[in-house]
Structure formats: structure tokens, C-alpha cells
Amino acid sequence: FSPRESAKCVYVTQRAEEKQLDTLSPDTQSVLTTEWQTLTLNGGKKTKLRKGDILGTFCKEIGIEAEQIGQIDITETFTYVALHNNVIDKVQRALHRVKIKKKKYRSWVLD
6 FSPRESAKCV
16 YVTQRAEEKQ
26 LDTLSPDTQS
36 VLTTEWQTLT
46 LNGGKKTKLR
56 KGDILGTFCK
66 EIGIEAEQIG
76 QIDITETFTY
86 VALHNNVIDK
96 VQRALHRVKI
106 KKKKYRSWVL
116 D
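Residue 74 in the working numbering is what sits at position 69 of the sequence shown, and the numbering runs on without skipping anything.
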């Protein structure tokens, strides 16, 4: 380790507590939640989808704010769009009637 890393290792080992596994109890009250969900579109680079096309359709045609749209990842055949929880249903319903680049795309939410 470098001198900086060794100082971190010393700090962590001093602060760490060793316990037996059977003495630990699971925290049943904490629930993992997120404000974002991933919408998948059945189209990608092969269908010439671009991030601007998706952002434009979602903002202008569907009427959601750009801040409610997160990262957009486009692969060869699929597009993954991070959407805020409060707009995911609205977008999915609207995609049944709205076209992106004059084409309708199937969409589903990843679990």
C-alpha cells in the first residue's frame, strides 16, 4: 500500500467491529427504494434512434420535464431510459399512441 492507503487501512481496521454472524439480526424495517425506474424501448442503433429523438418526444409529445428523465443508454437493439417514478406510467401509456421518428416502439419497465 501507499502511505495514503495504509493510513486508510489503519483507520478502517480501528473502526471495524468483529461480530459473530449468528448474533447479527437482519434489519427488517429498512426497505430499499429508488426514485428512478428503467423503461426499455424495443429499438436502438439499428433503428437509428438517438438520445435527442427520445428526449424530444418525451418532452414535447408526452409533456414531461427534462429533469424527470435520467440517463439514456442506446444499444444495438434496445434503448434504456431512466425515468422518475411519478412519470413512468404516463410515459408508458403515452407510448401506445405516440411515435418516435414516425415509428411506434414497444416499451416495458425493468424490475
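No lab work stands behind these hints, which were simulated from the structure alone. Do not rely on the hints blindly, as some may be mistaken.
What the hints assert, rightly or not - Quick list of simulated restraints, FRET-style, between CB atoms:
1) Ala12 <-> Lys65: 47 to 57 angstroms
2) His101 <-> Val15: 56 to 66 angstroms
3) Gly75 <-> Thr18: 12 to 22 angstroms
4) Glu10 <-> Lys65: 15 to 25 angstroms
5) Asp78 <-> Thr28: 38 to 48 angstroms
6) Thr82 <-> Lys24: 24 to 34 angstroms
7) His101 <-> Arg20: 46 to 56 angstroms
8) Gly68 <-> Ser11: 49 to 59 angstroms
9) Lys65 <-> Asn90: 14 to 24 angstroms
To be verified - PhoX-like mimics (lysine-lysine), calculated; alpha carbons at most 20 angstroms apart, straight line:
10) Lys50 <-> Lys13
11) Lys13 <-> Lys56
12) Lys107 <-> Lys24
13) Lys95 <-> Lys51
14) Lys65 <-> Lys109
15) Lys106 <-> Lys56
16) Lys53 <-> Lys104
17) Lys108 <-> Lys51
18) Lys53 <-> Lys13
19) Lys53 <-> Lys109
20) Lys56 <-> Lys104
21) Lys51 <-> Lys13
22) Lys65 <-> Lys107
23) Lys24 <-> Lys56
24) Lys24 <-> Lys65
25) Lys13 <-> Lys65
26) Lys95 <-> Lys50
Where a beta carbon is used, it is the ideal one built from N, C-alpha and C, also for glycine.
So, going through the hints one by one against the coordinates:
The given range of 47 to 57 angstroms is respected by Ala12 and Lys65, whose C-beta atoms sit roughly 53 angstroms from each other. Distance hint check: the CB atoms of His101 and Val15 are about 59 angstroms apart, consistent with the given range 56 to 66 angstroms. In this structure the supplied range 12 to 22 angstroms is violated for Gly75 paired with Thr18, their Cβ-Cβ distance being about 37 angstroms. At about 50 angstroms, the CB distance of Glu10 to Lys65 disagrees with the hint of 15 to 25 angstroms.
At roughly 43 angstroms, the beta carbons of Asp78 and Thr28 sit within the given window of 38 to 48 angstroms. A beta carbon spacing of about 47 angstroms between Thr82 and Lys24 contradicts the range 24 to 34 angstroms that was offered as a hint. At roughly 53 angstroms, the beta carbons of His101 and Arg20 sit within the given window of 46 to 56 angstroms. Separation of Gly68 from Ser11 is about 55 angstroms and conforms to the stated range, judged on CB atoms against 49 to 59 angstroms.
Separation of Lys65 from Asn90 is about 22 angstroms and conforms to the stated range, judged on CB atoms against 14 to 24 angstroms. Of the pairs offered as hints, the one joining Lys50 and Lys13 is violated, with about 44 angstroms between alpha carbons and a cut-off of 20 angstroms exceeded. For the proposed pair Lys13 and Lys56, the alpha carbon gap of about 41 angstroms is over 20 angstroms, so the pair is violated. For the given pair, Lys107 sits about 60 angstroms from Lys24 by alpha-carbon distance, which is inconsistent with the 20 angstroms threshold.
Of the supplied pair hints, the one linking Lys95 and Lys51 is violated, its CA atoms being roughly 26 angstroms apart against a limit of 20 angstroms. Distance hint between Lys65 and Lys109 is fulfilled; the C-alpha atoms sit about 16 angstroms from each other, no more than 20 angstroms. Distance hint between Lys106 and Lys56 is fulfilled; the C-alpha atoms sit about 12 angstroms from each other, no more than 20 angstroms. Between Lys53 and Lys104, the direct Cα distance comes to roughly 14 angstroms. Compliance with the 20 angstroms bound is thereby established for this hinted pair.
With a C-alpha separation of about 13 angstroms, the suggested pairing of Lys108 with Lys51 holds against the 20 angstroms cut-off. Proximity of Lys53 to Lys13 is assessed by CA-CA distance (about 48 angstroms); at most 20 angstroms being required, the pair is judged violated. Between Lys53 and Lys109, the direct Cα distance comes to roughly 13 angstroms. Compliance with the 20 angstroms bound is thereby established for this hinted pair. Distance restraint check for Lys56 and Lys104: the Cα-Cα separation of roughly 15 angstroms lies within the 20 angstroms cut-off, and the hinted pair is therefore satisfied.
With a C-alpha separation of about 47 angstroms, the suggested pair Lys51 and Lys13 falls outside the 20 angstroms cut-off, and the hint is violated. Distance hint between Lys65 and Lys107 is fulfilled; the C-alpha atoms sit about 14 angstroms from each other, no more than 20 angstroms. Of the supplied pair hints, the one linking Lys24 and Lys56 is violated, its CA atoms being roughly 49 angstroms apart against a limit of 20 angstroms. Only pairs whose Cα atoms come within 20 angstroms are accepted, and Lys24 paired with Lys65 is rejected, the gap being roughly 56 angstroms.
The straight-line distance between the Cα atoms of Lys13 and Lys65 is roughly 50 angstroms, outside the 20 angstroms bound, and the hint therefore fails. Taking the CA atoms of Lys95 and Lys50, the gap is about 25 angstroms. The hint is violated against a cut of 20 angstroms.
In summary, the structure is inconsistent with hints 3, 4, 6, 10, 11, 12, 13, 18, 21, 23, 24, 25 and 26 from the numbered list given earlier, while agreeing with the others.
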